[in-house]
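**Student:** Chains as they are written, first to last, in the working numbering: chain A, 1 to 363; chain B, 1001 to 1363.
Quick caveat, the hints were computed from the structure, so don't treat them as lab data.
Hints are supplied without guarantee of correctness; some may be wrong.
[What the hints assert, rightly or not] No more than 30 Å apart at the CA atoms, straight line, and that leaves these computed lysine-lysine pairs for BS3-like:
(1) A:Lys113 to B:Lys1010
(2) B:Lys1030 to A:Lys113
(3) A:Lys135 to B:Lys1135
(4) B:Lys1113 to A:Lys111
(5) A:Lys135 to B:Lys1010
(6) B:Lys1334 to A:Lys111
[Said to hold, decoys possible] A few chain B residues that face chain A, going by a derived Cβ cut-off under 10 Å, partial list only:
(7) Pro1025
(8) Gln1028
(9) Val1064
(10) Arg1106
(11) Val1110
(12) Val1127
(13) Ser1187
(14) Asn1248
[Stated by the list, open to error] Covered stretches of chain A (chain B as the covering partner; in silico rule of three or more C-beta atoms under 8 Å from a C-beta of chain B):
(15) 94–103
(16) 255–266
All values reported here derive from a predicted model rather than from experimental measurement.
Backbone N, C-alpha and C fix where the C-beta goes; we use that ideal spot for every residue, glycine too.
2 protein chains.
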Amino acid sequence: MSTQISTEQKQFWSPSVRALEPYVPGEQPKIQNLLKLNTNENPYPPSAAVVEAVQAVLQEDADVLRLYPDPDASALKQAIASQQQVDVSQVFVGNGSDEVLAHVFRAFFVKEKPILYPDISYSFYPVYSQFFGLKTQSIALNDAFEIVPEDYQLDNDGIIIANPNAPTGIALGLAEIEQILQANPHSVVVIDEAYVDFGAESAVALVAKYQNLVVCQTTSKSRSLAGLRVGFAIAQAHLISALEAVKNSFNSYPLDRFAIAVAVASFGDQAYFEQQCEKVIQSRELLTEGLTRLGFQVLPSKANFVFAQLPGREAAQLAQALREQGIIVRYFNKARIDQHLRITVGTDEQNQRLLDSLKAILA
Amino acid sequence: MSTQISTEQKQFWSPSVRALEPYVPGEQPKIQNLLKLNTNENPYPPSAAVVEAVQAVLQEDADVLRLYPDPDASALKQAIASQQQVDVSQVFVGNGSDEVLAHVFRAFFVKEKPILYPDISYSFYPVYSQFFGLKTQSIALNDAFEIVPEDYQLDNDGIIIANPNAPTGIALGLAEIEQILQANPHSVVVIDEAYVDFGAESAVALVAKYQNLVVCQTTSKSRSLAGLRVGFAIAQAHLISALEAVKNSFNSYPLDRFAIAVAVASFGDQAYFEQQCEKVIQSRELLTEGLTRLGFQVLPSKANFVFAQLPGREAAQLAQALREQGIIVRYFNKARIDQHLRITVGTDEQNQRLLDSLKAILA
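The shape of chain A in the complex, shown without the other chains (with noise of 0.2 Å):
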C-alpha cells in the first residue's frame, strides 16, 4: 500500500486493523515468454468439460447472470461428495480454499489456549491468527524440515498442519496423522491438502472415525483451476454445520454460477484428472533428479513444487539470476528457509528450460 495515512485518518481504522500485516500472494507479473514457477500452478489446461460447461451456463438461458446463484451450491457438495465418497452433509465448500481456511479459523480457532502449528508452514496461518486474535505456537520443524507428530501435545485449542507441508513439500503419512488426532481429542485438527493430489495420502479417509478432523482441499492446483477461486473442507456434519454458521454470517454466495458450474463439470471427469496428476508427479521426479545432478539437495516432494537448495550458493541470488532468464521461482527471505527456492513443476520442456538455464548461471 502506497498510500500514506495520517494518524488523524488512523482514528478511523478498527484498533487490531491498525496492527495487521496482511498476506502477500506470489507475484503475477505481465511479462512475455516469462516461466512462471513461483505460484504452485498446474502447467496443464483444466478439463475440456469446463469450457462445455461455461458455454451451459451462457446458453442454459441467455439472462441467468441476473439470477442469484444457489446459496448453498447443492450441485457442486454433492459432486464433491460423490468424488470424495463422503455424504453431502460433510461438505463444506468456498471462494478458493482461502476463504475456507479463514473460516475455519473462525469456527473453530476463536478460543482461549494457543493455536499450533508448525514454524515453516503455509504463510497465511499467521495472518489469520492475528485477523481474528489468536495465540499461536510454532512447532519447529526437526533438522530434515519434518513434522513430527510427537511435538503436538502440547495443550491447545486447534492445530493445523500443511500436508504435504508448504513450502517443503513433504508429506505426513496417516498412521502420524491419526498420532496427532488421537493425542489432540479436544481440539480441532485441521489437515490442508492444498497439494495431496501429487501423490500424498488424504486424511479425508479418516473423517468418518475422527470427529475433531477437518481436511481441506483446494481445485486451484490439482484440477488447475486457480482462475476460478474455489475450495473445500470435509468433515464430520458437525462441524460443516459451524462452517455454515459462519458463512451464512459473512457472505451468503460465494461461489457465482461460473464457479459452480466450472467445478461441476471438473469433478465429473476424474480420468482427466487423474491423468493429470500422474503427469506432474513424473515431472517432479524427472526435476528433482536434473537438480540433483547439479548439485542442488532436494527435500523429498509430495507436490507440485520442490523445495532446494545450492550449497555454498546465495538462494536470494540464483533466484535474482534466474530472473534475469525470464524465470521467476519463489523465495522466502525467512529464517531457516533463506537459503532454499521453491520451485513449481512445471511440463517436462519447462523444467528442462529452468535447468539449462541453471547451468548457465553455474557455469
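Position chain B against the provided structure of chain A, taking the given hints into account.
**Tutor:** Only chain B this time, still in chain A's reference frame:
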C-alpha cells in the same frame, strides 16, 4: 441446518460461533413458470458485452483458468473508477457487496462504542454485528418509515445506512446524508447503495469532501449480475487501505477471472445500463399505480422493489395466496413490517401478472 449436534460436539465450535444467528437469503425455489419477485433481481439480462467477455476469457488462452487471477483486480478497479469518476485508489472490490460490507464492518466498526443503524433495514447488519461482536443501537424509523437524520447524533463508533433503505425503498437526499456526515466527523459513515441506480442520488459525489464516508454498491441489481458476485466500495484512499488490509488478511483472490472480465464488460456498456435502469423505474411507477388502484398503500420507492400493505388484509396470507398462484414475494415476520410485502419490480408483463393475481385473490 438439520444436523443434530450434541453438547460434546459443540465443544469444537468457537464459543462465539455457537450463538450466531446467520442471515437467511430469500429463497431460490426451482418451480416451473414461477414468477420470482422476492430477491430484487433485475428482470432484464446483463449487457450483451458480458457474453463476449466470457468467450474472451475462454479464448484468450485455452488454459488461462489454471492461473490465479489478479489479486488486486486492477482492471475492474480501473473500470469502476472511470464510470464513477473517482481515482482508482478510491475503489475497493469484493465478492458481492455482502463481502464488501463484512470487510467494512471489520475494518471500521470493531471498536468500543455502539454502531448505529435503522431498526428497519438490511437484515444482514445485525448479523455482521453479532459476528464481529459489536455493540449496536438501532434507531427507529419514523411512522412514515423514513430515516430521520437528526436521530443519528448519539455517541457512536460507526453508522451504516442503506440508501435507498431496504425493504422500504425510501431514499434520503444528499443534503440529509451530509447532515449525518457532519454530525459524526469521528465515525465512519457507510452508505449502502445497493439500489441507488434506480432513481436515488449517490453519495459517491460526497467522497472527495468527507474523509469519513464509505459508499458501497453492487453489480447484482442494476447491472443484472447477481449470479456473478461483484460488489465495490468507494471512499478516500486512506479508508480503502484499511479495507485492503482486511481483505488481504482474509482471502487474497476473492474475484475469479470470469467475475473480473464480466464486471469490466458491464461497466464498459454505460448506455445499456442507463436504459435498463430507466425501464425498471418506469415499470415501478406503473406497478405502484396498479397496486394503489387495488387499495394498497405503497411507500415512495427509489429502488427496484416496492414495499406495500393492504389495510384490512393479513400480509402473510396475501403472500401465501400469491405463492399458490406461482408468484413469490418477500414477507418479513418482523415487528412494524409484518403487514407489508416487499415486491420486486419485474417487467411490465410480470407486474401485470402479479396485479391480475392480486385482483383475483381480492375478488
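**Student:** Would you settle whether the hint for Val1110 of chain B is holds or violated, based on the nearest Cβ-Cβ distance to chain A being less than 10 Å?
**Tutor:** Where the cut-off is 10 Å and the nearest Cβ of chain A is about 4 Å from Val1110 of chain B, the hint holds.
**Student:** With chain A as the partner, please determine if Arg1106 of chain B meets the hint condition of a C-beta pair closer than 10 Å.
**Tutor:** For Arg1106 of chain B, the interface hint holds, since the closest Cβ of chain A sits about 7 Å away, which is under 10 Å.
**Student:** Quick one, are Lys135 of chain A and Lys1135 of chain B close enough, alpha carbons at most 30 Å?
**Tutor:** Distance of about 24 Å is within 30 Å: holds.
**Student:** Does Lys1334 of chain B pair with Lys111 of chain A here, judged by a C-alpha cut-off of 30 Å?
**Tutor:** Answer violated: Lys1334 of chain B to Lys111 of chain A is near 33 Å, above 30 Å.
**Student:** In terms of beta carbon proximity below 8 Å, does the stretch 255–266 of chain A have 3 or more residues touching chain B?
**Tutor:** holds (count 6)
**Student:** Does the stretch 94–103 of chain A contain three or more residues whose Cβ lies closer than 8 Å to a Cβ of chain B?
**Tutor:** Satisfied; 5 residues make the cut.
**Student:** How about Gln1028 of chain B: closest beta carbon in chain A under 10 Å, or not?
**Tutor:** Where the cut-off is 10 Å and the nearest Cβ of chain A is about 6 Å from Gln1028 of chain B, the hint holds.
**Student:** Closer than 10 Å between Cβ atoms is the bar; does Pro1025 of chain B clear it against chain A? Give me holds or violated.
**Tutor:** Hint on Pro1025 of chain B: holds, closest Cβ of chain A at ~5 Å, below 10 Å.
**Student:** Is the shortest C-beta separation between Val1064 of chain B and chain A less than 10 Å?
**Tutor:** holds, 6 Å
**Student:** Within a Cα-Cα threshold of 30 Å, do Lys113 of chain A and Lys1010 of chain B meet the stated pairing?
**Tutor:** holds, 17 Å
**Student:** Should the hint that Val1127 of chain B touches chain A count as held when the rule is a Cβ pair under 10 Å?
**Tutor:** Holds, because the Cβ-Cβ distance from Val1127 of chain B to chain A comes to roughly 5 Å (cut-off 10 Å).
**Student:** Hold the hint about Asn1248 of chain B up to the distance rule: shortest CB distance to chain A must be less than 10 Å.
**Tutor:** holds, 3 Å
Violated hints, listed in ascending order, are 2, 6; each of the other numbered hints is respected by the structure.
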